[in-house]
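Novice: Next come the chains, spelled out residue by residue.
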Amino acid sequence: MLTLEESGNTCRSESQSKALSPGRLGEEAATNYLKQYGYTIVFNNWRCQEGELDIVAMDRKTLVIVEVKTRAAEIAKSFSPFEAVDSKKVAKLKRLANRLIFIERMKIKSHHPQRIRFDVIGVLYSEAGGALSFACHHLREAFDY
Amino acid sequence: MLIAGVDEVGRGPLAGPVTAACVVFESGYTNPNIGDSKKLSAKKRELLVEVIKKDAIAWSIVSVGHHRIKRHNIREASRIAMALAVKRIKADLVLVDGNVPIDISIPQETIIGGDALRVEIGAASILAKVWRDHLMNVLDKKYPGYGLAKHAGYPTESHREAVKNYGPSKIHRVDFRGVREYLPIRIAV
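Residue numbers (our numbering), protein chains in the order written: chain B, 1 to 145; chain S, 1 to 189.
Since the hints were made in silico from the structure, they are not lab data. Be a bit skeptical, because a hint or two may be false.
[Claimed, not checked] PhoX-like cross-link-like pairs, simulated, lysine-lysine; straight-line CA separation at most 25 Å: (1) 53(S) / 92(B); (2) 88(B) / 43(S); (3) 39(S) / 92(B); (4) 109(B) / 61(B); (5) 77(B) / 44(S); (6) 70(S) / 54(S); (7) 150(S) / 89(B); (8) 164(S) / 44(S); (9) 94(B) / 77(B); (10) 38(S) / 54(S); (11) 53(S) / 43(S); (12) 35(B) / 94(B); (13) 164(S) / 39(S); (14) 39(S) / 61(B); (15) 142(S) / 77(B); (16) 88(B) / 54(S); (17) 94(B) / 164(S); (18) 141(S) / 92(B); (19) 77(B) / 61(B); (20) 88(B) / 150(S); (21) 141(S) / 77(B); (22) 142(S) / 88(B); (23) 107(B) / 61(B); (24) 43(S) / 107(B); (25) 164(S) / 142(S); (26) 141(S) / 43(S); (27) 61(B) / 142(S); (28) 109(B) / 94(B); (29) 88(B) / 39(S); (30) 53(S) / 87(S); (31) 94(B) / 87(S); (32) 170(S) / 89(B); (33) 89(B) / 87(S); (34) 77(B) / 70(S); (35) 35(B) / 109(B); (36) 54(S) / 43(S); (37) 89(B) / 90(S); (38) 164(S) / 77(B); (39) 107(B) / 94(B).
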């Protein structure tokens, strides 16, 4: 029998490649949402060995780490995307933020941040006639640094 | 002491994932409204989800899709779903619905018909059921024509008829009887 770790990988069908998955499209929608509100995007999908930060942006003088959680509107009726950011996820995001600040210190310094903030954007998508539409819900300062 | 209940829904359907949920309560928690998910109306279940989320110490939901159902088999896939759901929470004892133990390191106890007997398992069955029903509504829009929103993938007369007429979709369980007969014939090159 296979171990759980081996079987823990998510499978994707060919039609739903990573680039077009609701998750990726939701991150794109969130990025556009932030740009619209005057945020400067510093990194999209910043990756290191430990994991990935969805969006790193500047809100004037504040460095904002954004976690994007995409979910079908239908499911969000009972299970809000914000619930998916639990204590484990929060701990991971903080760890990743520390790494980011260390590894990318030169680039981040060039933006002259004065403080840091964690936001969560819940993206709800619904499908109608084969087209997806997205709605962003922004939770500022979702938890303390 | 923290007691977790774990249950799964969606072993019978011809399409969609098998979904497991795990709910942790402080020992001694009771709620007479929480019981077997199959005996409650959809509306009632959705209301109870809010109660469960409020009262539970922790909860988790995991779905295992058609790929892994095919790779292992439905029985193993549902055990994997339950084990993954348990791995996301912390508890002193896990109550498992059914009579097959799962691969976890926490002490466990299997209870046949547990969703009606234990509030922890009943609550888990409600979360899993509501999540999966919502998910099947989403999948119904993506794969229309089968009526997935109506029967949630279960082998009803109309569902069998649709598979027969249109062939299986991407999310159908190709190893299931009632589906595998209608797979497109592959020509070896």
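Novice: Against the earlier hints, flag every one the structure doesn't satisfy and list their numbers going up.
Specialist: 2, 3, 6, 7, 8, 9, 13, 14, 17, 18, 19, 20, 22, 24, 27, 29, 32, 34 and 38
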